[in-house]
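Sequences listed follow chains A and B, in order.
Under the numbering used here, the residue at position 3 of the first sequence is numbered 3, and the numbers go up by one with no gaps.
Under the numbering used here, the residue at position 104 of the second sequence is numbered 1104, and the numbers go up by one with no gaps.
These are calculated hints, taken from the structure and not from any lab test.
Note that the structure is a prediction, hence the values are computed from the model and not measured.
Be aware that one or more of the hints could be misleading.
Computed footprint of chain B on chain A; a stretch qualifies when at least three of its residues, placed anywhere within it, have a C-beta under 8 Å from a C-beta of chain B [as the list claims (entries may be wrong)]:
| hint | region |
| --- | --- |
| 1 | 46–53 |
| 2 | 56–68 |
| 3 | 171–180 |
| 4 | 186–193 |
| 5 | 270–276 |
| 6 | 281–289 |
| 7 | 316–325 |
Covered by chain A, according to a simulated footprint, are these stretches of chain B (three or more residues, beta-carbon under 8 Å) [to be verified]:
| hint | region |
| --- | --- |
| 8 | 1179–1191 |
| 9 | 1265–1277 |
| 10 | 1283–1291 |
Just so you know, even glycine gets a beta-carbon here, dropped at the ideal spot from N, CA and C.
One-letter residues, chain by chain:
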Amino acid sequence: MADQTNTPVESVKHYVRFDLSQRIEHIVFLLSFSLLGLTGLVQKYAESPISQFIISAFGGIENTRLVHHFAAFVLMVVSIVHIINVLYRVYVLRVSWSMMPVIEDFKHLFDDLRYYLGLRKHKAYYGRYNYAEKVEYLAVVWGTIIMAITGFMMWNPVTTTEYLPGQFIPAAKAAHGAEAVLAVLAIIIWHFYHVHLRHFNKSMFNGKFSEEEMAHEHPAELEQIKAGKMDTLPPPDVLRRRKRIFYPVAIVLALIFGVSLYGFITIESTAITTVPPGETAEVFVPLTPTPRPTPTVAPSPTPGEGVAANSWDGTYSALFRNRCSTCHGTTQVGGLSLATYQEALAGGNSGPAIVPGNPEQSVLVQIQQQGGHPGQLTDEELQQVIEWIEAGAPEN
Amino acid sequence: MTRQVLICVIFAAVLLSGALLISSSPGTASSLNQEATPIPNLSISDEYCSSCHGQPGQTLTLGDGSTLDLYVDPLEHASSIHGSQGYACVQCHADVGEYPHPPFQAADRRDVTIQLNSVCQRCHGSQYELAHDSVHARAQAAGNREAAVCSDCHTAHAVQDWVDEQTGETLPEARAIIPQTCAQCHSAIHAEYLTSVHGSALTDENNPDVPTCIDCHGVHNIEDPTTAEFRLASPQMCAKCHTDPERMAKYGISTDVLSTYVADFHGTTVAIFEKQSPDAETNKPVCYDCHGVHNIKRADDPEKGLQVKENLLATCQKCHPDAQENFPTAWLSHYIPSPDRYPLVYYVDLFYKFLIPTVIGGMAFLVVLDVSRSAINLRRRRQVTRQPEGMSSTLPSDEGVEAAQDAADSPEAQDVSESKTALKPPPTPANENPEEEADRG
Chain A
1 MADQTNTPVE SVKHYVRFDL SQRIEHIVFL LSFSLLGLTG LVQKYAESPI
51 SQFIISAFGG IENTRLVHHF AAFVLMVVSI VHIINVLYRV YVLRVSWSMM
101 PVIEDFKHLF DDLRYYLGLR KHKAYYGRYN YAEKVEYLAV VWGTIIMAIT
151 GFMMWNPVTT TEYLPGQFIP AAKAAHGAEA VLAVLAIIIW HFYHVHLRHF
201 NKSMFNGKFS EEEMAHEHPA ELEQIKAGKM DTLPPPDVLR RRKRIFYPVA
251 IVLALIFGVS LYGFITIEST AITTVPPGET AEVFVPLTPT PRPTPTVAPS
301 PTPGEGVAAN SWDGTYSALF RNRCSTCHGT TQVGGLSLAT YQEALAGGNS
351 GPAIVPGNPE QSVLVQIQQQ GGHPGQLTDE ELQQVIEWIE AGAPEN
Chain B
1001 MTRQVLICVI FAAVLLSGAL LISSSPGTAS SLNQEATPIP NLSISDEYCS
1051 SCHGQPGQTL TLGDGSTLDL YVDPLEHASS IHGSQGYACV QCHADVGEYP
1101 HPPFQAADRR DVTIQLNSVC QRCHGSQYEL AHDSVHARAQ AAGNREAAVC
1151 SDCHTAHAVQ DWVDEQTGET LPEARAIIPQ TCAQCHSAIH AEYLTSVHGS
1201 ALTDENNPDV PTCIDCHGVH NIEDPTTAEF RLASPQMCAK CHTDPERMAK
1251 YGISTDVLST YVADFHGTTV AIFEKQSPDA ETNKPVCYDC HGVHNIKRAD
1301 DPEKGLQVKE NLLATCQKCH PDAQENFPTA WLSHYIPSPD RYPLVYYVDL
1351 FYKFLIPTVI GGMAFLVVLD VSRSAINLRR RRQVTRQPEG MSSTLPSDEG
1401 VEAAQDAADS PEAQDVSESK TALKPPPTPA NENPEEEADR G
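Take the sequences, apply the hints, and build the full model.
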């Protein structure tokens, strides 16, 4: 970010630090960066409940990705504007490359370390940009390049794998995510500390630095300004000549960047938008069952002799088995089994279930007449049983 | 004696309340139906029924002119779970009464099956209710009479026991029968299943580890598998077995398949969809979109296996029609990157594992030093209040800068207001300007 000379404005008290275009660049960059960080990190850490909340606040993962892509587009536009802006400054205005790291920056860092350890009374004597600012700017440049390249790969994996091995895509994803973590942490720890916590530096918003702020933050630059050893505007004819060369170059550059950016976001449609079909086999294909032989119709038979006769064999063995055998079969609850005629006569713990000729003495009748038995006979069935016992409870 | 009666009463009460509970749990539908179901006349023995129905040749002419065979093989019934446990014909066929039977009318054979279906509910209420929520019951309700009812799967008279009552699990000998049962209606899908790694292991060796139909589709409350909901939940369904280390170790299959899928773009998306909008559609693939639905093959199958490069590319191209030769390796094939597999990914990860702590640690280190120094300076300044200091911010000399720096230290400390009262910097032209003060924030 080679910059134009700081010139005193209004009175001698204020110095222009960032012109309007730089401030706009910063605002747009910070907005798109924040949006990218937010919508990106929630994808990297998608399982976390906070991410889930943010993703649903954006209206789902597909919307979150749309916002991420949109913010990426904005950030790339502002990066292109910045490149052209820098070219203007260094070619037309011939300002010095004050953002480039020089040996002096390492000396400053060394001096500051000595200052922190109490071996020096004051901090290093910073120029226009100190090492902290240079590190941050260069980290942004590096990060933006990495993010744009890896972002392109993930956005356009089919195109990328036409030229590169497939594993570049997951590698790009790894780098994109890790770089994002690095950038966001650097912003929080480095940037927030230096320009918000340590001292709220508003020059990026209002463009100005007071003389005192200059003295605190950039004393060497202030000294240079005072000494008049600053970059000065070139003469108008030189300026005009340079602009004649710059503008066509800038237009061509802008076109190249613009077309590339357009390609970046439209070069491929990676996948179909329809849902994969799932099972395509026919669902209902019944097997033809083996046909049963057509029955030869026989005359309706009469029910067998003895069936339904008023005897143990004819009726009551079936009635008790169907009604009672869950408890009074093999399990013999209360010692009672009604499986056979003999067992029914023998009865259970409470006495004989059936006493032929004497319903009152038959425990089965006693229990059934109380009602509410788990295997309760109907009134008709019970009456039938009583009549059968009165008739001597014949077995067959 | 009285104690025995008491015990009997308690026992009866427990049984009765249990019966009440069971009968009341299925809700209103069953109680409504129970009204319609007559109490069986249990004095009618099976012998009575089989004296006619045990002989071939009994038929009933149905509404469409077809004949219904009324013969029931007594042996078939006797060997069924119902027959072997002594359940009587009339416990299901409760409304036929004694001979002659009340009139019975049905449009056709299917109508007979559907009409008789509700009798299962009397004893198997909970299963009946579950089945009521199934895709079959919904199809039936929508007028598709072919949709399966109880006896289509369980048969009417040859019902077998398929469940181990102790464990509630499907009996091993029943597992092979399940796909055959479903195949009665879904024969095309069954044919696919038989060719799959799962189906062939079941039919060839009665392998107990592979899924039958019901392991994925459920038993009675079988869901519609074509919904977005089923699709989004399906990875968890596959994961039930495929993340089970014991089961997978036998076949040397990785249990990382779910975690590696969820870590990738496709899986992340599906997992988020499943959590946030389980009934929404997404075009991102689930397990079966790549591996096949019923015809899942071994990964090294030469025809379909996804370890074979051409097969994987063809699979990718189903959704990525423009994908070329290199494209499939963009997917890590369920591997965790290592120096041997996907080394580029591994080393990028490794690089950042060092870069991030180094850069952030370095920054944090300098920030902490700066904060500490400011704090130390502030404390010293408070001790030596109002120590005269020559300061001129405009002086380029070392002395001037030092003074400027020292002065700057005080507002840099967090407690600005306090530092200002404690240490008012010596007046400078800048300090006298109220606008400048405001600018400082």
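Task: Claimed coverage, the region 186–193 of chain A by chain B - three or more beta carbons nearer than 8 Å - done: holds (count 4)
Task: Outcome, coverage hint (the region 1179–1191 of chain B, chain A; C-beta under 8 Å; three residues) - done: holds (count 8)
- [ ] Examine the region 281–289 of chain A for residues whose CB is less than 8 Å from any CB of chain B, and state whether their number is three or more.
- [x] holds (count 8)
Task: Coverage assertion for the region 46–53 of chain A with respect to chain B, Cβ distance below 8 Å, three residues required - done: holds (count 3)
TODO: Establish whether the coverage given for the region 1283–1291 of chain B by chain A is satisfied; the threshold is a Cβ-Cβ distance below 8 Å, and no fewer than three residues must meet it.
DONE: holds (count 4)
TODO: With a C-beta cutoff of 8 Å, work out whether three or more residues of the region 171–180 of chain A approach chain B closely enough for the coverage to hold.
DONE: holds (count 6)
Task: Cβ contact check, 8 Å cutoff: the region 270–276 of chain A against chain B, three residues minimum - done: holds (count 7)
TODO: Verify the coverage statement for the region 56–68 of chain A against chain B, using a C-beta to C-beta distance below 8 Å and requiring 3 or more qualifying residues.
DONE: With 4 residues close enough to chain B, the hint holds.
Task: Coverage of the region 1265–1277 of chain B by chain A, judged on three or more residues with CB within 8 Å - done: Contact hint for the region 1265–1277 of chain B vs chain A: holds, 9 residues under 8 Å.
Task: Assertion that chain B covers the region 316–325 of chain A - criterion: three or more residues, beta-carbon distance below 8 Å - done: Answer holds; 8 residues pass the 8 Å Cβ test.
Consistency with the previously given hints is maintained throughout, with no hint failing.
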